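Visitor: Here is how the chains run, residue by residue.
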Amino acid sequence: MAEEVKLFGMWASPFSRRIEVALKMKGIQYEYIEEDLSNKSPSLLNYNPVHKKVPVLLHKGKPVAESLVILEYIDETWKQNPILPADPYEKAMARFWAKFLDEKLWPAAKKVVLSKGEEHKGLIEEIQEHLKTLESELKEKKFFGGESLGFVDIAANIIFWLLVVQETLGLDILTEDKFPGLHEWNHRLLDDAVFKECVSMERLLASFKVRFGALTASK
Amino acid sequence: MSKEEVVLLDFWASPFCGRVKIALAEKGVEYEHREEDVLGSKSELLLNSNPIHKKVPVLLHNGKPVCESTVIVNYIDEAWPSPPLLPTCPYERARARFWGDFIDKKIFEGGAKIWGSKGEALEVGKKDFIEILKQLEGTLGEKDFFCGDNFGFVDILLIPLTTWFYAYEKFGGFKVEDECPKFSVWVKRCMQRESVAKALPEPEKVYEAVVMLRKMNGIE
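In order, the protein sequences belong to chains A and B. If you count the first sequence from 1, position 90 lands on 89 in numbering that gives the first Met the number 0, and the numbers rise without skipping. If you count the second sequence from 1, position 190 lands on 189 in numbering that gives the first Met the number 0, and the numbers rise without skipping.
A hint or two may mislead.
What the hints assert, rightly or not - Result set (SDA-like, lysine to any residue): computed pairs, CA atoms no more than 25 Å apart in a straight line:
#1 A:K39 <-> B:G137
#2 A:K52 <-> B:K169
#3 A:K51 <-> B:K169
#4 A:K110 <-> A:D176
#5 A:K59 <-> B:G140
#6 B:K104 <-> B:K169
#7 A:K98 <-> B:S48
#8 A:K78 <-> B:S48
#9 A:K90 <-> B:G137
#10 A:K138 <-> B:P86
As the list claims (entries may be wrong) - Partner residues are not named here, just some residues of chain B that face chain A (Cβ under 7 Å, in silico):
#11 K63
#12 V70
#13 Y90
#14 E91
#15 F97
Just so you know, these hints were derived from the structure itself, not from any lab. Since the model is a prediction, treat every value here as computed from it, not as a measurement. Idealized CB from N, CA, C, for every residue including glycine.
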């Protein structure tokens with residue numbers, strides 16, 4: 000039976016990229032539709048009228064929105080290569096960490112891009128506190144998911160965006176000496192065949208330099 | 000049958016704690032309830048169990064802590080599968096999680112823009128809040144509960160937050176019943192459930208606490 004799977008996304012959105020990682024990990028065929036966020040398609044607005052955002056997954060004509068909700072939907076619908084652990088407690092921990100990434104790390108990382116000079120110090124300290132927490136959660140594990148890539152690793156793709164921000168603005172936030180575990184994890188992820196396909200570091204850097212590179216001049 | 004040890008670190012006025020109490024009651028799980036002095040001094044157990052956020056609710060199941068109310072409600076549903084709080088079909092489950100996420104992002108913060116401000120800002124907050132309730136009313140439609148005939152996940156996440164609505168109404172000078180009558184019918188329907196009625200504080204008591212919060216924040 001042909002499954003119709005479509006993904007409305009945007010190449011520079013980490014939330015959109017999370018879904019591509021999950022679909023590719025499970026070997027699911029899908030049609031990708033790139034959205035111009037400055038001119039959103041009628042389809043996107045129709046399928047996500049509440050938030051009007053990417054990503055939106057369309058499965059057999061029915062839309063699912065919000066990246067973490069979509070990841071759970073994908074995991075429940077296609078059982079191969081599970082993303083979430085089976086054990087309820089381990090699952091709860093995975094959900095907790097994904098929430099932490101989205102509610103604590105991401106907002107702080109976004110603020111850094113939009114702030115200047117003096118404000119950076121306080122924000123960097125805040126981000127580093129969150130990174131310390133993540134570093135200690137990672138501990139000696141290969142991935143947040145243990146031996147293999149899982150839900151939290153996929154959600155933690157926002158760390159790549161943080162690395163792009165820090166290089167663009169010439170800031171030292173996630174450094175190898177302060178965060179050796181995360182540093183290693185980052186390399187491991189960039190070595191992963193699926194993950195590599197879904198991150199475009201060079202393209203992000205180029206794009207960020209154009210949009211935000213001027214901010215470094217005011218330092 | 001081995002004895003399960005279930006402890007809830009709670010605060011009476013917290014709607015997030017209310018969610019957990021309702022979920023445990025729906026599942027018929029017995030637990031030890033410990034009230035935390037969240038505005039005063041938090042217990043060692045709380046600080047050790049939730050070192051990252053230092054907040055209630057925390058559910059301790061056989062000594063293992065679960066934090067964040069939505070994560071806890073999901074955990075309760077999976078650790079004690081009967082009766083289920085989420086629908087069985089993946090699409091309906093995704094819909095429930097989507098609205099749960101919407102509720103988490105919009106309601107409490109939206110309400111804070113009413114009780115936590117005055118003048119023009121309060122008016123804007125009130126308008127936005129009513130819009131949010133109208134969106135929820137729209138998705139409820141003609142159904143008894145958010146996912147259909149059965150009380151479940153979305154209802155559990157939302158109903159405790161409504162105990163703060165009386166405070167918003169007093170400060171904002173409006174009534175939810177007038178703006179969103181179908182929503183109010185849903186509230187009354189939920190409040191008829193024993194699990195809900197027993198878990199939630201009186202809105203008048205919450206209002207008194209919010210008055211204090213307002214004073215503490217210097218808004219008067």
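Visitor: Evaluate each hint against the coordinates.
Guide: Consistency of the hints with the structure:
Between A:K39 and B:G137, the direct Cα distance comes to roughly 24 Å. Compliance with the 25 Å bound is thereby established for this hinted pair. For the suggested pair A:K52 and B:K169, the alpha carbons sit about 34 Å apart, so the restraint of at most 25 Å is broken. Simply put, A:K51 and B:K169 have alpha-carbon atoms about 33 Å apart, too far for the 25 Å limit, and the pair is violated. The straight-line distance between the Cα atoms of A:K110 and A:D176 is roughly 24 Å, inside the 25 Å bound, and the hint therefore holds.
A threshold of 25 Å between alpha carbons decides the hint, and for A:K59 with B:G140 the separation of about 24 Å falls inside it, so the pair holds. Distance check on the hinted pair: B:K104 and B:K169 sit about 23 Å apart at the alpha-carbon level, within 25 Å; holds. At roughly 17 Å between alpha-carbon atoms, A:K98 and B:S48 fall within 25 Å of each other, so this suggested pair holds. For the suggested pair A:K78 and B:S48, the alpha carbons sit about 33 Å apart, so the restraint of at most 25 Å is broken.
With a C-alpha separation of about 32 Å, the suggested pairing of A:K90 with B:G137 is violated against the 25 Å cut-off. About 36 Å separates the Cα atoms of A:K138 and B:P86, which puts this hinted pair outside 25 Å; it is violated. Look at B:K63: its Cβ gets to within about 6 Å of chain A, closer than 7 Å, so that hint holds up. Satisfaction of the interface hint for B:V70 is found here, the shortest Cβ-Cβ separation to chain A being roughly 5 Å, below the 7 Å cut-off.
Using the Cβ-Cβ criterion of 7 Å, the hint placing B:Y90 at the interface with chain A is satisfied: the shortest such distance is roughly 6 Å. Against a cut-off of 7 Å between C-beta atoms, the interface hint on B:E91 is violated, since the closest Cβ of chain A lies about 10 Å away. Taking 7 Å as the C-beta contact cut-off toward chain A, the hint placing B:F97 at the interface holds, the least distance being around 5 Å.
Violation of the numbered hints given earlier is confined to hints 2, 3, 8, 9, 10, 14; the remaining hints are satisfied by the structure.
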